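> Read off the chains here:
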Amino acid sequence: MHLLRHPLSQADGGPGLKVLVIGAGNDCRQDDGFGVAVARELASRNLDGVQVLERSGEGGSILAALEGQETVYLADAVGPGAEPGALHRIDVVADPVPATLFHHSSHDFAVAEALEMARVLGRLPAVTVVYGVEGERFGHGFGLTAAVRRRVREVADRIQSEITPSICR
Amino acid sequence: MKPETAQKKAAKSRTIRADYLARVEGEGAMFIRLKGQEVREVKLKIFEPPRFFEGFLRGRSYLEAPDMTARICGICPVAYQMSSVHAMEQIAGVTVDGPLRELRRLLYCGEWIESHALHIFMLHLPDFLGYESAIHMAPDYKAEVEIGLKLKKYGNELMALVGGREVHPINVRVGGFYKAPCREDVLAFRDRLIWGMEASRKAVALVAGLEFPDFEQNYEFVAMRHPDEYPLTEGRLVSNRGLDIDLSEFEAEFDEEHLEHSNALHCVHRERGRYFVGPLARYALNHDRLSPAAQQLAKSAGLSKVVLNPFKSIIVRAVEMFWAYEEALRIVDSYEEPERSYLEVPPREGTGYGCSEAPRGICWHRYSIDDAGLITEAKIVPPTSQNQRTIESDLREYVKGRTDLPDDKLQWQCEQAVRNYDPCISCATHFLKLTVDRG
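Those protein sequences? They're chains A and B, same order as listed. Sequential numbering from 1 applies to the first sequence in my numbering. Sequential numbering from 1 applies to the second sequence in my numbering.
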C-alpha cells in the first residue's frame, strides 16, 4: 500500500490533505449515527493524507467542509426506501443526489441539498462519492441496529480502498 | 366568471395539506379545511415523537444540564445551554460576569448569525423570489447565495471558536467555560466580523426590496428586556400588553396545553391566550436597545419601530444579524482572556430559572436540584411551542382572504407563511406536511 507521507501542512487540515472523509449524522438518533461510526472507524486507522470530519448533517457545515477539496467521501444513513442495511454508492459528480434518500434528517438544508448546491455553485470536488446505508430506526437513542452496524467496517474498508489510489496520484 | 360558477365554486369544499412542511426544522404537517369561503379548521401538526428531555434530566447532575439540553436542537443549542446554566447559577447564588459573560454573548451571537443567515437565505428567500428551494434559486442568485453561505459559515466558526465545535458546543459549563479562547484567536476573527456587518447591510437591502403580502395582525409580543442591552441571555419578561415579570413568575402567567393533533404542548397566556415570541417581538419591545447603526439600518429598510406583518420578519432577522455581527465585533475588540475560565458553582438544594432569546424566541427553563446536585425536576418551554397557537391563528386569518386561490398557490403561500416564524419543530416536540381540505 502506498500512502502519501508528510502531507499535513497544518494541524486542522488544509491544502496538504488530499482526501476528506465526512461522516454525517447524529449518534443520538440510533441509525442516524452510521456516518459518524464510519468516520470514527476511519479516523482510528490514522491514514496518511486523509482528513476525517464528523458533521451533524446540517447542509451549511457540509458545504463549508467541501471548500477547496478535490476528493471527498461522505458516509450517511439514508432511508426509508430499501431494506435496512441496503448499501448505496453515489458518484455525485456523475449523478444527482436523490434528496428523498436523506430526508430522515430534521435539517431541511441537509446533505443532499448541500451537495446539489455545491454543484450549482461550481464547488463540487472533482471526486465526490456518497456511501449511504438504509437505516431502520431514527428515533432518539444510542446505538445502531444490527443491519446497519454490520455495514460500518465494510463501508470504511471500501472508502479506504478507494482513497488509497487517490492519495497516490 | 359567471355568477353561477362563482357560487358553485364558493360552495365547494377543499382540503389543502402539506404532508411534509419543507424548509422548517423538524417534522410536522399543516392541515387546512375549507368550506367555500369559510375556513373551518387550521392545524399545525407536530408529529416528531415527543422528546422526553425533561425526564432524561431527572436524576442527572446539575453540571450535565448544558450538555444534555444542547442536544435538543442542532440549530439553537446555545439557547438551551444558556438558559440551563443561568438557572443552575441562580440556585447557587453565583453571578457570571466580566469576560466570561462577554464570551457567552459572543457564543450566542454566533448562534444568531448562523441561524438567521440559514433562514433568510436558504429557507425563506426562495419563497419570496418564487423558487422551490435555495438550490433552484442559486443559478439566478448565485452572488446572494454565496453571501448567505459565508454569513452563516462565519456564525458557525464563531460558535466553534467559543463553544469548541459548530453544532452542540462542548465548551460550555455551569459557571463559564472549560477553556477560554486566547486573545490572539479571538482577535483573529475581527476581519470576518467587519465583512459580516457589511454583508448584513446588503442582506437588509435585499430583503427590504421584496414584495410582501398585505397582512398585519394585532399581536401580544413577549420578549426579554434588559436595562441596557438588546436581549440575549438576561432580563425580565415583558409584553406590549403590560406584562413585566421575573422569570420565576412565568408559570403564573403562562400555561401549557396538550392538544390531540400535536406532540408539542401549546403554551398560552392564562388570560389572554396566544402570544408571539421571536424577532418581531424582540424588535418591537427592544427597538431602543438596538445599536444606533442597527436602528438606522432598520429605518433605511422602511421598518417602523413596531412591525406587525409577520412576512416582514425576514427584514427584522437581517437587522438582527447585522446587530449580532456588530455586537460580536464589540466583544472581540474589548476581549481580555479571563484569569479563570469558570467560577465554582457548588450544588445547593433549590429551584432556579433561566431564560434566553433563541433566534426564534424565548426559551424558558426551570430546574430543581437536591443538595447533592442531582436534578429532581426540569421544565423546558421552547419558543416554537409558544408560537404554535399564533401560527395557527395567523394561517386562519391569512387564508380567509385568499380562499379563491387554486390549491397549489394557496399551499405555497401557506408554507411561506409558516416559515415566517422559523419554526423549530425539533425543539417544540419535544417536518411539515400541509393539507388544505375543501371537502
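It cannot be assumed that every hint is accurate.
Unchecked claim - Quick list of simulated restraints, FRET-style, between CB atoms:
hint: 1; chain 1: B; residue 1: Pro227; chain 2: A; residue 2: Cys28; range: 49 to 55 angstroms
hint: 2; chain 1: A; residue 1: Gly68; chain 2: B; residue 2: Asp333; range: 25 to 31 angstroms
hint: 3; chain 1: A; residue 1: Asp95; chain 2: B; residue 2: Ala143; range: 24 to 30 angstroms
hint: 4; chain 1: B; residue 1: Asp185; chain 2: A; residue 2: Gly68; range: 37 to 43 angstroms
hint: 5; chain 1: A; residue 1: Gly68; chain 2: B; residue 2: Arg190; range: 20 to 26 angstroms
hint: 6; chain 1: A; residue 1: His88; chain 2: B; residue 2: Phe56; range: 32 to 38 angstroms
hint: 7; chain 1: A; residue 1: Gly139; chain 2: B; residue 2: Leu63; range: 23 to 29 angstroms
For the record, the hints were derived by calculation from the structure and aren't laboratory data. Since the model is a prediction, treat every value here as computed from it, not as a measurement. Ideal Cβ placement from N, Cα and C applies to all residues, glycine included.
> Look at each hint and say if it fits the structure.
Verification of the supplied hints:
1. At about 38 angstroms, the CB distance of Pro227(B) to Cys28(A) disagrees with the hint of 49 to 55 angstroms.
2. About 29 angstroms separates the C-beta atoms of Gly68(A) and Asp333(B), a value consistent with the hinted range of 25 to 31 angstroms.
3. In this structure the supplied range 24 to 30 angstroms holds for Asp95(A) paired with Ala143(B), their Cβ-Cβ distance being about 28 angstroms.
4. Roughly 21 angstroms separates the CB atoms of Asp185(B) and Gly68(A), a value that falls outside the hinted 37 to 43 angstroms.
5. A beta carbon spacing of about 23 angstroms between Gly68(A) and Arg190(B) agrees with the range 20 to 26 angstroms that was offered as a hint.
6. The hinted window of 32 to 38 angstroms between His88(A) and Phe56(B) holds, with their beta carbons roughly 33 angstroms apart.
7. Roughly 27 angstroms separates the CB atoms of Gly139(A) and Leu63(B), a value that falls within the hinted 23 to 29 angstroms.
Going down the numbered hints, you'll see the structure goes against 1, 4, while the others check out.
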